[in-house]
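Chains as they are written, first to last, in my numbering: chain A, 1023 to 1316; chain B, 1023 to 1316; chain C, 1023 to 1316.
None of these hints come from the bench; they were simulated from the model. Heads up, a few of these hints could be off.
A pair holds if it fits inside one copy or across any two, identical chains being indistinguishable in the list.
[Stated by the list, open to error] Mimicking DSSO-like on lysine-lysine, the simulated pairs with C-alpha atoms at most 30 Å apart in a straight line are:
#, residue 1, residue 2
1, Lys-1075, Lys-1224
2, Lys-1075, Lys-1141
3, Lys-1115, Lys-1224
4, Lys-1224, Lys-1141
5, Lys-1115, Lys-1075
6, Lys-1141, Lys-1115
On a predicted model such as this, the values are computed, not experimentally measured, just so you know.
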Amino acid sequence: MLNATLGNLTELIIALTALRAGQYVLVKASIAGVIVTNTLFMLGMSLLLGGLKHRVQEYNRNNARLQAGLLFLATIALLIPSVLAEADTVTPKFTQTLSLGLSALLIASYALSIVFSLKTHREFFGGAKHGDSSEAPWRMGLALGTLAVVTVLVALVSEVFVESVQHAAETFGLTPAFVGFIIVALVGGAAEMVSAFSGARKNRLDLSVGIALGSASQIALFVAPVLVLLSYAMGPTPMNLQFWPGAVAMMLIATMTAALVTNSGRSAWFVGVLVVNVYLAFAMTLYLLPPQVK
Amino acid sequence: MLNATLGNLTELIIALTALRAGQYVLVKASIAGVIVTNTLFMLGMSLLLGGLKHRVQEYNRNNARLQAGLLFLATIALLIPSVLAEADTVTPKFTQTLSLGLSALLIASYALSIVFSLKTHREFFGGAKHGDSSEAPWRMGLALGTLAVVTVLVALVSEVFVESVQHAAETFGLTPAFVGFIIVALVGGAAEMVSAFSGARKNRLDLSVGIALGSASQIALFVAPVLVLLSYAMGPTPMNLQFWPGAVAMMLIATMTAALVTNSGRSAWFVGVLVVNVYLAFAMTLYLLPPQVK
Amino acid sequence: MLNATLGNLTELIIALTALRAGQYVLVKASIAGVIVTNTLFMLGMSLLLGGLKHRVQEYNRNNARLQAGLLFLATIALLIPSVLAEADTVTPKFTQTLSLGLSALLIASYALSIVFSLKTHREFFGGAKHGDSSEAPWRMGLALGTLAVVTVLVALVSEVFVESVQHAAETFGLTPAFVGFIIVALVGGAAEMVSAFSGARKNRLDLSVGIALGSASQIALFVAPVLVLLSYAMGPTPMNLQFWPGAVAMMLIATMTAALVTNSGRSAWFVGVLVVNVYLAFAMTLYLLPPQVK
């Protein structure tokens, strides 16, 4: 929880900078990219790295299920305006009102999920006990330290970062879709990945799955709707929840993958390979996609 | 089973009245609305109301799985003609023949499911035993009584009800989509909801899940196909199984949600919040949707 | 594994013959048809036939989960180029490059899955022990014998078979879609079905599920990508992984069905009815589909 909030500070700061500049395409690409990258790459690499060290890893699946359920709700909420906006008869005003309503629904759901997991049913979300937890606090401290340092650094350079995205795309010949979805999400999530991968290597998959899916659901159910609300105050025009259909499809597939994979509460290295390969299929597509699309 | 059949009498009577009048758009909206409302609102509110009273509720998931499987089959059967009808090359004759064939398939599947759950594998579908079952028959009698009274009342007013739907929409400024999907389904299912919610409060989630999903699958696999067959005798023209793509999408998401949620056979209050919020997202969309769409 | 490889020789030989002739539509229909037929008809009939003899069948679900996971990855990999090709802005060159990349990804995943199931985690994939295994080798020998004979026969007639497909369609008034998806897949998979059904009757569902899903995942993750690579050497033009949207939809639904059904590791006869009826719904649609579509 703390992890997720600190980790997403990076994304929030980047998004606020882009929001003020009215770069809604970049804001949305960044939101979708973080959700897809966390649920597929961060989760998959955690399962793979943990599985290469430990034969079979068991973990408390209650938290994974809660986060997967939240992501499922968020994906449907993002799906509705995006699909309906393709129809001719829908007006921008309808999309905007619907986005406001759905944002309120998502924020309320997120708030209730915190009441549920931290208050009324707290004991269901404790991690499974493992032998080497005596050593963990020290490493956790290191991870949190890394997190704090990277967050501050990214916050300092975020304005430059957002401005230079377009430039970087041209320089390296990368498509804007690839930069927005993959590069920004990987760089912005670097600190969280250190925590998640280190947890997996220490056979604490609860921690890794919690960071990966918790961070994704926080973006989807809190950061994205809050940005819609803030756009009324800060942005040049109100922002809606209408995403590129391809982004919605990727979020939907990522959510389904995470739900299927964490359903059993057990993992071995090949499960990680499968999840990472779904991510690689998406990354490859975005890399090759001609720039005029999206 | 008895519950589901009595409960759906209401919907059947409304649908027959509309069928005779050739109001196929209303018939289909009512069918889709009942499926979505039962699998999301009735199930979700049962889980929520039960969860607010009982910390964690366990229930026999065999019946939930059977009903979810039936709903999955029905959703695919409704998906095929609806998606293909969007393609230019498909003729109305093809859609009609396909609808007839799929109707026969659904009715046969429903009949076999009754043989399975009431004859060959009956013992798998008994509810989990709970302490307060001595008191249950009395309350069940009350619920069945309510059911019978409401059914008779609705049957009496159904002709008026169907005629007044368009009128009510104009008076309250509601869109026809919202009235057809949400209002009709909520009013028509009121009696079943009394049973389902009362069962959940008494920690008999088997009963609630059975009513909610059993009623939805009966509509999808029995009422809808029977209406197609009856339309040849009673309706002005034959009715097909081609639905509005949005309705099919909602039914598909509702079925997936029910399958995911009942998979574990355990529930707490927040699971109900998630399911109800998927319903609220749909209801909000239909409420806001401009009237010309659908 | 051996079963799957021998069984798919038939499909590989048919596909190579069609590949050399540049009949890519037939190659793709045959690939999609085998995947859908194996995951729905072969699996469903195994569950049904086994369930009619044995009240409840339990089986090791690790292999079913692995194969379902592989099929899920493959379906997404086939979905991407097929959906993107519908967009106007995508060039054939993009689709071809993407198909090459995805083919490499699928072959790598398949190779790693063999390392996983036969080397590093071999003990997880042994079948559950059953009483009558003493008799099994003899029946297995018979099944393998049948397999070998049918494979040789089909190999001999494959050239004629491919040429006569169009002719048969005209003679019997069958649509090319029905012949390509259903007839070719049923005939080509006949030998495997003998093995799978015989295993199910002997209460060895591990074997049946392994043949049905293992054969489907081998086609999707090995045969299809290898055919793309071979088309550069053997075919008149390079082949891509862009499928008819209807075929992708059927593969997606088939994969989801198999994943849902094998998730519990238990089965009774009605589960088989459900799976076979999904197949019948598809077969009925393809049978009725006007020839100009596809």
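Against the structure, the hints come out as follows:
1. Lys-1075 - Lys-1224: Within one copy only: 9 Å inside a chain, 39 Å across chains, cut-off 30 Å.
2. Lys-1075 - Lys-1141: between (34 Å within a copy, 16 Å between copies)
3. Lys-1115 - Lys-1224: neither (51 Å within a copy, 45 Å between copies)
4. Lys-1224 - Lys-1141: Both, since 28 Å and 24 Å are each at most 30 Å.
5. Lys-1115 - Lys-1075: neither (53 Å within a copy, 41 Å between copies)
6. Lys-1141 - Lys-1115: Answer is neither; intra-copy 39 Å and inter-copy 55 Å both fail.
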